[in-house]
Amino acid sequence: MSKSTSEFKELSLDELKLREQELREELFNLRVRHATGQLENPILIRKARRDIARVRTFVRQKERAAAT
11 MSKSTSEFKE LSLDELKLRE QELREELFNL RVRHATGQLE NPILIRKARR DIARVRTFVR
71 QKERAAAT
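Whatever position you read off the sequence shown (first residue = 1), add 10 for my numbering.
Be aware that one or more of the hints could be misleading.
[Unchecked claim] Lysine-lysine pairs mimicking DSS-like chemistry, simulated, CA-CA at most 30 Å apart:
no., residue 1, residue 2
1, K19, K72
2, K27, K57
3, K72, K57
[Said to hold, decoys possible] Computed beta-carbon distance windows for the label pairs:
no., residue 1, residue 2, range
4, A63, V42, 18 to 28 Å
5, A76, V42, 32 to 42 Å
6, Q31, T78, 18 to 28 Å
7, N39, T15, 20 to 30 Å
Just so you know, the hints here were simulated from the structure itself, not pulled from any lab data. The structure presented is a predicted model; accordingly, all values stated were derived computationally and were not measured. All residues carry an ideal CB built from backbone N, CA and C; glycine is no exception.
Put together the whole structure using the sequences plus the hints.
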């Protein structure tokens, strides 16, 4: 599930946006499973949110670098 920061650095802008979309879908599924009582480890929700934040940070950095 979680990738290291260096692995996110290597991805292109399109790959990062695709990864963000996948993480958002995963987060949705985790929330549904948590609401229905099927999620054994709710810490996975926090990890997914943080991964989304990391990806969004790299997307923003790459967008700013391309604009200059």
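Verification of the supplied hints:
no.: 1; hint: K19 <-> K72; verdict: holds, 9 Å
no.: 2; hint: K27 <-> K57; verdict: holds, 18 Å
no.: 3; hint: K72 <-> K57; verdict: holds, 23 Å
no.: 4; hint: A63 <-> V42: 18 to 28 Å; verdict: holds, 21 Å
no.: 5; hint: A76 <-> V42: 32 to 42 Å; verdict: holds, 36 Å
no.: 6; hint: Q31 <-> T78: 18 to 28 Å; verdict: holds, 26 Å
no.: 7; hint: N39 <-> T15: 20 to 30 Å; verdict: holds, 24 Å
The earlier numbered hints are all upheld by this structure, with none contradicted.
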